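There are 2 protein chains.
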Amino acid sequence: MTKYWAVTPTSALLADGAPIAELDTSGTPGFTGDKKAGTQLLAERSPVLSDLQEKLYANGRSGDRRSVLLVLQGMDTAGKGGIVRHVIGSVDPQGVDHAAFGVPSREERRHHYLWRIHKALPRAGQLGVFDRSHYEDVLVVRVHNMVPPTEWERRYDEINAFEHELVDEGTTLVKIAMFISLDEQKKRLAERLERPDKYWKFKPADIDERAFWPAYQEAYQAVLDRTSTDYAPWYVLPADHKWFARLAVTELLIAAFLRLKLDWPPALFDIAEQKRRLAQA
Amino acid sequence: MTKYWAVTPTSALLADGAPIAELDTSGTPGFTGDKKAGTQLLAERSPVLSDLQEKLYANGRSGDRRSVLLVLQGMDTAGKGGIVRHVIGSVDPQGVDHAAFGVPSREERRHHYLWRIHKALPRAGQLGVFDRSHYEDVLVVRVHNMVPPTEWERRYDEINAFEHELVDEGTTLVKIAMFISLDEQKKRLAERLERPDKYWKFKPADIDERAFWPAYQEAYQAVLDRTSTDYAPWYVLPADHKWFARLAVTELLIAAFLRLKLDWPPALFDIAEQKRRLAQA
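Chains as they are written, first to last, in our numbering: chain A, 3 to 283; chain B, 3 to 283.
Isolated chain A (complex conformation):
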């Protein structure tokens, strides 16, 4: 890993208060290799992630209450789906609790905004994946004035308190905000309009949203400024290069798993005795 990373991805991508308006979305912070090197490294690192995930799962089955929760945020076409497919796709589906948060349903709208989030939290031993999350309630909701400012205003503290509880309960949060340029988004939307196998990913409303780009930048800035905590920090991911985004998320997850210092759980039975029993069964 040290071969290509000048510094750890954890330090290269950590939100540090720098304005995202100045972010080079085509950059590869901390990584010194090119696309070929990055793709090759991803192929090497995916099995490492998969092994760590299996260890978490094994411990979960043996009574360990801990879990990992990947929170993915980003504008349309930022590549959240690609991360799920290509990064999360490399681990055992049994150990993944995946949830995508779209426009709230009628039932969800009748509850507190964290209601649907609570229901989708990863079980002990699981790798949870949120494709969008409770942060939508201070992003799209703020940008489109869906609730009065006094209401979204208090959500930042509420979210911090909520995440503090999660961490206290044993969940490691890996929050990643993916950023692409306005031009890169135009390119990706154009591709969806060119390829019949991509039409289904396109919604005319995606174009309308482009007019709100500056408002979204502002809302994202507030998220990073107000909800990047020491117990649940944000990582800022330049995502114009899909290969880099996938590699970086893989590394951030590996780093999070390594902090759990996972080993295979010990046998909860007398091995010699069970061997004797099995021989006779």
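Since the hints were derived computationally from the structure, they do not count as laboratory data.
In this text the structure is predicted, and so the values were computed from the model without any measurement.
Using N, Cα and C, we set each Cβ at its ideal position, and we do this for glycine too.
There's no promise every hint is true.
With a cut-off of at most 27 Å between alpha-carbon atoms, the simulated DSS-like pairs for lysine-lysine come out as follows [said to hold, decoys possible]:
hint, chain 1, residue 1, chain 2, residue 2
1, B, K263, A, K205
2, A, K277, B, K263
3, A, K189, A, K244
4, A, K277, A, K244
5, A, K203, A, K189
6, B, K263, A, K203
To give a feel for the contact side, a few chain A residues facing chain B, derived at Cβ under 8 Å [stated by the list, open to error]:
hint, residue
7, G91
8, K188
9, Y201
10, I209
Cβ-to-Cβ under 7 Å is the rule here; a few derived chain A residues that face chain B [stated by the list, open to error]:
hint, residue
11, V86
12, P95
13, W266
14, A283
With chain A held as given, fit chain B onto it using these hints.
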């Protein structure tokens, strides 16, 4: 596919009323190749399955109500988890609704046995995966007399009616019963006692269950005899060879997806108009 399959897996593996006591669990019905050929073919066929699943997902996002539900049954160590990891692991996690049914929770026990099944059914456009299922309620429940015979006796018809409803609603059921020999199970349990990375998969109760093997065979026979219907047939899978089991499940899923005659959904918008709008946005 015709290269190695003397007949289609669908016909080679379809439950045909033959007694499972006479099944060669080390066989590879319909497949003429060896392990190397099977492993290579699996590598070729996984992307085919993945593409078909993406098409189902795309259609689901565009209003198609259909889904596919893989039901996996089998004794401990039969390899259900390996199927999830190696077969389902090759498709996009976003499109998979996975559920494993263990011993019912207290809450589940206070409901009808189909309650937890209903809650876990795949959403439109999803590939559902049941690792164990409602069939546990006529397998372990019958073997261990957990309810009176009059009660499990009526469940076969109930299950058929339930599955008929699912099919009517647009769900394609792929029900696969995996069979290994008693010796193969001993080998696999022994391995779990040898390898520290496998201890967590072992429960002493797994050995106790071996005494009930004949009763389970009888219960499985009743399942095949009474719940293999034209709308939701059972496939009988010899599973001593893991490579064969994985390949066969992949082929059965591909066949099920092909029957849906999926194509990419058409654009639900005027393409030229959206291109013009995007150019200006």
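Each hint tested on the structure:
Taking the CA atoms of K263 (chain B) and K205 (chain A), the gap is about 25 Å. The hint holds against a cut of 27 Å. Proximity of K277 (chain A) to K263 (chain B) is assessed by CA-CA distance (about 51 Å); at most 27 Å being required, the pair is judged violated. Of the supplied pair hints, the one linking K189 (chain A) and K244 (chain A) holds, its CA atoms being roughly 13 Å apart against a limit of 27 Å. Taken as a hint, the K277 (chain A) and K244 (chain A) pair is broken in the structure, with Cα atoms around 49 Å apart against an allowance of 27 Å.
For the suggested pair K203 (chain A) and K189 (chain A), the alpha carbons sit about 14 Å apart, so the restraint of at most 27 Å is met. Restraint check for K263 (chain B) and K203 (chain A): satisfied, since their Cα atoms lie roughly 20 Å apart, inside the 27 Å limit. The interface hint given for G91 (chain A) holds, since its Cβ lies 6 Å from the closest Cβ of chain B, which is under the 8 Å cut-off. Annotation: K188 (chain A) was flagged as interfacial toward chain B, and the flag holds, the nearest CB pair being 7 Å apart, inside 8 Å.
For the restraint placing Y201 (chain A) at the interface with chain B, the shortest Cβ-Cβ distance is roughly 4 Å, inside the 8 Å limit, so the hint holds. Checking I209 (chain A) against chain B: minimum C-beta separation of about 5 Å stays under 8 Å; hint holds. Interface restraint check for V86 (chain A): the shortest CB-CB distance to chain B comes to about 5 Å, inside 7 Å, so the restraint holds. The criterion of a C-beta within 7 Å of any C-beta in chain B is met by P95 (chain A), whose closest approach is roughly 5 Å, and the hint holds.
Interface restraint check: W266 (chain A) against chain B, minimum CB-CB distance 5 Å, threshold 7 Å, status holds. Interface restraint check: A283 (chain A) against chain B, minimum CB-CB distance 4 Å, threshold 7 Å, status holds.
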